[in-house]
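> Each chain, letter by letter, is given below.
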Amino acid sequence: MLTYLANPARFMRWSGPPLVPLAVATALTLAAGLYLALAVAPPDYQQGESVRIMFVHVPAAIMAEGVYYVIAAASFVALVWRHPLAEIAAQAAAPLGAAFTLVCLVTGSLWGRPMWGTWWAWDARMTSVLVLFFLYLGYIALVNAFDDMSRGARAASVLALVGVVDLPIIKFSVDWWNTLHQPASILRAGGPTIDVTMLVPLAVMALGYVLLFVTLQLVRMRTALNVRKARALLLAAPSRRGGATAAGAPPDATPVLR
Amino acid sequence: MGPYRALLRRELLLAFRQGGEIGLALGFFVLAVVLFPLGVGPEPEMLRRIGAGIIWVAALLAAVLSLDRLFAADYADGGLDLLALSAMPLEGAVIAKCAAHWLTTGLPVVAISPFLGILVDLDRASIGRLALGLLLGTPALSLLGAIAAALTLGARRPGVLSSLIVLPLYVPVLIFGAGAVDMGIAGGGVRAHLLLLGAISLAALPLAPLAAAAALRQALD
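Residue numbers (the numbering used here), protein chains in the order written: chain A, 1 to 258; chain B, 1 to 221.
Note that these hints are calculated values from the structure, not bench results.
Backbone N, C-alpha and C fix where the C-beta goes; we use that ideal spot for every residue, glycine too.
Hints should not be assumed to be uniformly reliable.
Taking lysine to any residue pairs in the SDA-like style, the calculated list, with each CA pair at most 20 Å apart, reads [unchecked claim]: (1) A/Lys229 <-> A/His83; (2) A/Lys171 <-> B/Leu174; (3) A/Lys171 <-> B/Gly198; (4) A/Lys171 <-> B/Leu38; (5) A/Lys171 <-> A/Arg220; (6) A/Lys171 <-> B/Leu202; (7) A/Lys171 <-> A/Asp123; (8) A/Lys171 <-> A/Leu225; (9) A/Lys229 <-> A/Ile62; (10) A/Lys171 <-> B/Ala203; (11) A/Lys171 <-> A/Lys229; (12) A/Lys171 <-> B/Leu195; (13) A/Lys171 <-> A/Leu137; (14) A/Lys171 <-> B/Ala192; (15) A/Lys171 <-> B/Leu167; (16) A/Lys171 <-> B/Asp121.
Over 10 Å on every C-beta distance to chain B, these chain A residues come out as not near it, computed from the model [stated by the list, open to error]: (17) Leu30; (18) Leu38; (19) Pro84; (20) Val106; (21) Asp123; (22) Gly138; (23) Leu161; (24) Ser173; (25) Trp177; (26) Leu211; (27) Thr223.
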């Protein structure tokens, strides 16, 4: 089933029609989520209105990490089965994941200013998200570092797998480091204490983020495939014209190769 | 063991005879540490507090700077193709090259670290923990670095790129290494830090060559 759908030509056929409905669903869900988060959800008894940043921040944090696992899974498929679409999927997802990570860091910082009185604290979670951001940057830089595009894609696939093995170790070490250097006093665990009036907007926002990711991912994959096709056509063009010359055009009309 | 020993011998001979290779990384390491007191001020209390961290960060940077020595020359002159064609598994070649890299950059750093510890006013026990931590942790630096060095073969600006790739991967080594010394100063137990540091190196010993060899194969075909 997946292999069937993952053929590049078939992918172009089935991924086109759902794009508009997906985009509309994304817009509606995000609009509903923002309305619920900004207008309906009650202000927190401790944090006041600032708690509303959380509705943008937490789904971004979930996506930041989730997209990295998507990249790693796609890279695994690309390395093991040499599936061209998997490479494209991994590369398409990377800037999206980096953007989610950046949103997570920036909104966290904006929330931290009124709550903790500082833009940045070396909290364990913030630190590991920051490292994750650098992992994304390294991946993107590696993809684009080669003249030969396929070489960059394969190297980046290996890096994504190395990163996904190292990610839990990094998180563990940062947690460990943080508990030693500063007592965990600033961040109280939200977890199960969250109220339903806040959980529903959060869930809607999370769904909106996932839809946003899926939509953008499909668009980016389609664009990448089209770019490849355009490049292949450009490369093929001179030789086709060369063939026409051989078939009977005057020799002085030989086209200049661009 | 024949081919491994031969490769290790060749790498070490190259490093020694090309002169300056070992000295350069070491010189960078020392200079980086010496620059910090000039930047933050010479107060012994402050230096004692941040000294271990400075020395560890400098060790990380020295390892990153010397990464291009691992494969770049062999990639450029085709020696790497011959290694890939030989009967020796490429993973084994990576291990031999990492061992040579560690012997020529990691070990000198470990050896000179006590003197740098004196410069930043660490006490004797802390210096011992610093050197032991570096001894346990630097193999992981060479092994993880080999992955980045292999991935960036043939890239534009491989040096900058490999440091961007590998420094996030070095985070755990830095945390446990510097943490061991800080914990000792604070009066806590350092055993767990050193054990974790050793665990990272031991885990990297089989895993990193696998990844680096996979990266090398991508670079060569």
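> Could you run down the list of hints and mark each one as holding or not?
These are the hints, each one checked on the structure:
1. Restraint check for A/Lys229 and A/His83: satisfied, since their Cα atoms lie roughly 17 Å apart, inside the 20 Å limit.
2. Between A/Lys171 and B/Leu174 the CA atoms are separated by roughly 13 Å; this keeps the pair inside 20 Å, and the hint holds.
3. Restraint check for A/Lys171 and B/Gly198: the C-alpha separation of about 18 Å stays at or below 20 Å, so the hint holds.
4. A C-alpha spacing of about 33 Å is found between A/Lys171 and B/Leu38, which places the hinted pair above 20 Å, so the restraint is violated.
5. Note on A/Lys171 and A/Arg220: the hinted pairing is violated, with a Cα-Cα distance of about 30 Å set against a maximum of 20 Å.
6. Note on A/Lys171 and B/Leu202: the hinted pairing holds, with a Cα-Cα distance of about 19 Å set against a maximum of 20 Å.
7. Distance restraint check for A/Lys171 and A/Asp123: the Cα-Cα separation of roughly 12 Å lies within the 20 Å cut-off, and the hinted pair is therefore satisfied.
8. For a cut-off of 20 Å, the pair hint linking A/Lys171 to A/Leu225 is broken: about 35 Å separates their Cα positions.
9. Proximity of A/Lys229 to A/Ile62 is assessed by CA-CA distance (about 34 Å); at most 20 Å being required, the pair is judged violated.
10. Proximity of A/Lys171 to B/Ala203 is assessed by CA-CA distance (about 17 Å); at most 20 Å being required, the pair is judged to hold.
11. Between the alpha carbons of A/Lys171 and A/Lys229 the distance comes to roughly 40 Å, so the proposed pair goes past 20 Å and is violated.
12. As the CA atoms of A/Lys171 and B/Leu195 are separated by approximately 18 Å, the hinted pair is consistent with the 20 Å bound.
13. Straight-line distance between C-alpha atoms of A/Lys171 and A/Leu137 comes to about 18 Å, which keeps the hinted pair within the 20 Å bound.
14. Straight-line distance between C-alpha atoms of A/Lys171 and B/Ala192 comes to about 17 Å, which keeps the hinted pair within the 20 Å bound.
15. Restraint check for A/Lys171 and B/Leu167: satisfied, since their Cα atoms lie roughly 15 Å apart, inside the 20 Å limit.
16. For the proposed pair A/Lys171 and B/Asp121, the alpha carbon gap of about 31 Å is over 20 Å, so the pair is violated.
17. With a least beta-carbon separation of about 31 Å from chain B, A/Leu30 lies farther than 10 Å from that chain, consistent with its non-interface assignment.
18. For A/Leu38, the shortest C-beta to C-beta distance to chain B comes to about 35 Å, beyond the 10 Å cut-off, and the non-interface label holds.
19. Distance check on A/Pro84: its Cβ is at least 15 Å (rounded) from any Cβ of chain B, clearing the 10 Å threshold; non-interface status holds.
20. The Cβ of A/Val106 sits about 19 Å from the closest Cβ of chain B, beyond the 10 Å cut-off, so the non-interface label holds.
21. Every beta carbon of chain B lies more than 10 Å from that of A/Asp123, the smallest distance being close to 15 Å; the non-interface claim holds.
22. Not every C-beta of chain B lies more than 10 Å from that of A/Gly138, the closest at about 4 Å, which undercuts listing it as non-interface.
23. At the 10 Å boundary, the C-beta of A/Leu161 falls inside the reach of chain B, the nearest C-beta of that chain being 7 Å off.
24. At the 10 Å boundary, the C-beta of A/Ser173 falls inside the reach of chain B, the nearest C-beta of that chain being 4 Å off.
25. Listed as a non-interface residue, A/Trp177 fails to keep its Cβ farther than 10 Å from every Cβ of chain B; the least gap is roughly 4 Å.
26. Interface exclusion of A/Leu211 from chain B stands, the closest Cβ pair being 30 Å apart, more than 10 Å.
27. Residue placement check: A/Thr223 keeps its beta carbon more than 10 Å from all beta carbons of chain B (closest about 24 Å).
Violated hints for the displayed structure, listed by number in ascending order: 4, 5, 8, 9, 11, 16, 22, 23, 24 and 25.
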